[in-house]
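> So the protein sequences, as listed, match chains R and P.
Per the numbering used here: the first sequence = residues 226 to 337.
Per the numbering used here: the second sequence = residues -9 to 105.
Hints listed in this document are in silico derivations from the structure and should not be mistaken for laboratory results.
The beta-carbon is built from N, C-alpha and C at its ideal position, and this holds for glycine as well.
Please note that the accuracy of each hint is not assured.
To be verified - So the derived label-pair ranges between C-beta atoms look like this:
| # | chain 1 | residue 1 | chain 2 | residue 2 | range |
| --- | --- | --- | --- | --- | --- |
| 1 | P | G6 | R | K286 | 44 to 52 Å |
| 2 | R | N233 | P | S60 | 39 to 47 Å |
| 3 | P | R53 | R | G253 | 27 to 35 Å |
| 4 | R | W308 | P | T28 | 26 to 34 Å |
| 5 | P | F50 | R | S251 | 40 to 48 Å |
| 6 | R | K296 | P | S60 | 41 to 49 Å |
| 7 | R | K296 | P | K47 | 25 to 33 Å |
| 8 | P | G30 | R | K294 | 26 to 34 Å |
| 9 | R | K294 | P | I2 | 27 to 35 Å |
| 10 | P | R63 | R | S228 | 25 to 33 Å |
| 11 | P | R63 | R | Q307 | 33 to 41 Å |
| 12 | P | P51 | R | Q227 | 19 to 27 Å |
| 13 | R | L281 | P | G30 | 48 to 56 Å |
| 14 | R | K296 | P | T(-3) | 23 to 31 Å |
What the hints assert, rightly or not - If you want a taste of the chain R side facing chain P, the calculated C-beta under 8 Å gives, among others:
| # | residue |
| --- | --- |
| 15 | P265 |
| 16 | L269 |
| 17 | S277 |
| 18 | G278 |
| 19 | I293 |
| 20 | K296 |
| 21 | F315 |
| 22 | K324 |
| 23 | F327 |
| 24 | L334 |
To be verified - Which chain R residues stay away from chain P? Per the calculated CB distances, all over 12 Å, these:
| # | residue |
| --- | --- |
| 25 | V229 |
| 26 | E240 |
| 27 | A242 |
| 28 | E245 |
| 29 | S295 |
| 30 | P304 |
| 31 | C316 |
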Amino acid sequence: AQSVSQHNHHVILSEAASLELGCNYSYGGTVNLFWYVQYPGQHLQLLLKYFSGDPLVKGIKGFEAEFIKSKFSFNLRKPSVQWSDTAEYFCAVSHSSYKLIFGSGTRLLVRP
Amino acid sequence: KAGVTQTPRYLIKTRGQQVTLSCSPISGHRSVSWYQQTPGQGLQFLFEYFSETQRNKGNFPGRFSGRQFSNSRSEMNVSTLELGDSALYLCASSLLATSDTGELFFGEGSRLTVL
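Bound-form chain R, shown alone (with noise of 0.2 Å):
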C-alpha cells in the first residue's frame, strides 16, 4: 500500500537557522507531491505542489521542496526560519485514480 513517511516528529530550531524536513514516499510510480501547513489555531493549507518538471519547487513564505525520485524523497526547505513558521507541516502524496495520502507530520517549534 502507498504510504508516507516524515521522520522527524518534532523539530525545534532557534531564528535564522536553516531548516529542513525529510518525507518519504513508498509509490514507485508516477506521483504527485505536496506539502501542507497547519498553524497554530488555524487550518491546513498548501505550502507547495509538485506535479512535473523542475524538481525544485518553490511555495510560500520562502519555503522549497526538491524531488529526488531515485530516493523516492520529497523534502521541504528553508534557508532560514522565522518564529511564525512554527507550525506542524504534513507532506502528502498522490497518484492517477489514487487518495491522497498524508504523512504524519512535523510539529516544528522556532525559538525567538
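Position chain P against the provided structure of chain R, taking the given hints into account.
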C-alpha cells in the same frame, strides 16, 4: 470566496451514540474528502466523494459512512461511537477529483469527543 465550512465545530457524545457531521465545500468545488486527524496518527483518509459518487474509501470500519448531495455538500456519519473515535474530523474540497489535482482546501474541522 467563502471557504470550506464544517458544522458543528465541537461536539461531545457518549459511547454507542451516533453522530453526523456536515461539510459545505467552496462554491464550485465538486470533490469533498474527509480525514480523521489524531495526535498520534496524523491525517487518516476516510473517503472522497465526487459528483455524489464515492470515489475512494480508506481503511475504516463500516460504522463510518458518508454521502454527497447534488449541491456538493457532504455529510459523514459515525454510528455506535467508540472512545477511539475521538478526533478532529476534517473536510476538504477541491475543484476536480483529488486524484487529478491533489490540491485540497480544508475546513477548520469538527472536534468530536466521545465519553
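> Hints first: check each against the structure and report whether it holds.
Comparing the hints with the structure gives:
Taking 44 to 52 Å as the suggested C-beta distance range, the pair G6 of chain P and K286 of chain R conforms, at roughly 45 Å. Our hint of 39 to 47 Å for N233 of chain R and S60 of chain P holds, since their Cβ atoms are close to 44 Å apart. R53 of chain P and G253 of chain R have their C-beta atoms about 33 Å apart, which keeps the hinted 27 to 35 Å range intact. Restraint check, W308 of chain R to T28 of chain P: a C-beta distance of roughly 27 Å satisfies the suggested window 26 to 34 Å.
Between F50 of chain P and S251 of chain R the beta carbon distance is about 20 Å. The supplied range of 40 to 48 Å is therefore violated. A hinted range of 41 to 49 Å holds for the C-beta pair K296 of chain R and S60 of chain P, which are about 45 Å apart. For K296 of chain R and K47 of chain P, the Cβ-Cβ distance of about 31 Å falls inside the hinted range of 25 to 33 Å, so the restraint holds. The hinted window of 26 to 34 Å between G30 of chain P and K294 of chain R holds, with their beta carbons roughly 30 Å apart.
Take K294 of chain R and I2 of chain P: their Cβ atoms lie about 47 Å apart, and the range 27 to 35 Å is violated. The hinted range of 25 to 33 Å is satisfied by R63 of chain P and S228 of chain R, whose Cβ atoms lie roughly 31 Å apart. Roughly 38 Å separates the CB atoms of R63 of chain P and Q307 of chain R, a value that falls within the hinted 33 to 41 Å. A beta carbon spacing of about 21 Å between P51 of chain P and Q227 of chain R agrees with the range 19 to 27 Å that was offered as a hint.
Evaluation of the 48 to 56 Å hint for L281 of chain R and G30 of chain P yields a failure: the beta carbon distance comes to about 32 Å. A beta carbon spacing of about 43 Å between K296 of chain R and T(-3) of chain P contradicts the range 23 to 31 Å that was offered as a hint. Annotation: P265 of chain R was flagged as interfacial toward chain P, and the flag is violated, the nearest CB pair being 13 Å apart, outside 8 Å. Because the beta carbon of L269 of chain R sits about 4 Å from the nearest beta carbon in chain P, less than 8 Å, this interface hint is met.
For the restraint placing S277 of chain R at the interface with chain P, the shortest Cβ-Cβ distance is roughly 12 Å, beyond the 8 Å limit, so the hint is violated. With its C-beta approaching chain P no nearer than about 15 Å, G278 of chain R sits outside the 8 Å limit, and its interface hint is violated. A cut of 8 Å between beta carbons decides the hint on I293 of chain R: the least distance to chain P is about 19 Å, and the hint is violated. Given the 8 Å rule on beta carbons, the hint for K296 of chain R is violated: about 20 Å separates it from the nearest Cβ of chain P.
Because the smallest distance between the Cβ of F315 of chain R and any Cβ of chain P comes to about 7 Å, under 8 Å, the interface hint for this residue holds. The criterion of a C-beta within 8 Å of any C-beta in chain P is met by K324 of chain R, whose closest approach is roughly 4 Å, and the hint holds. Of the supplied interface hints, the one on F327 of chain R holds, with its beta-carbon coming within about 4 Å of a beta-carbon of chain P, less than 8 Å. A hinted interface residue such as L334 of chain R counts as satisfied when its beta carbon comes closer than 8 Å to some beta carbon of chain P; here the least separation is about 15 Å, so the hint is violated.
For V229 of chain R, the shortest C-beta to C-beta distance to chain P comes to about 9 Å, within the 12 Å cut-off, and the non-interface label is violated. Every Cβ of chain P is farther than 12 Å from the Cβ of E240 of chain R; the closest lies at roughly 26 Å, confirming the non-interface assignment. Remark: the non-interface label on A242 of chain R is consistent with the geometry, its nearest Cβ contact in chain P lying 25 Å away (cut-off 12 Å). In this structure E245 of chain R is separated from chain P by more than 12 Å, as the shortest Cβ-Cβ distance comes to about 20 Å.
Distance to chain P confirms S295 of chain R as a non-interface residue, since its nearest Cβ pair spans about 22 Å, more than 12 Å. Remark: the non-interface label on P304 of chain R is consistent with the geometry, its nearest Cβ contact in chain P lying 25 Å away (cut-off 12 Å). In this structure C316 of chain R is not separated from chain P by more than 12 Å, as the shortest Cβ-Cβ distance comes to only about 10 Å.
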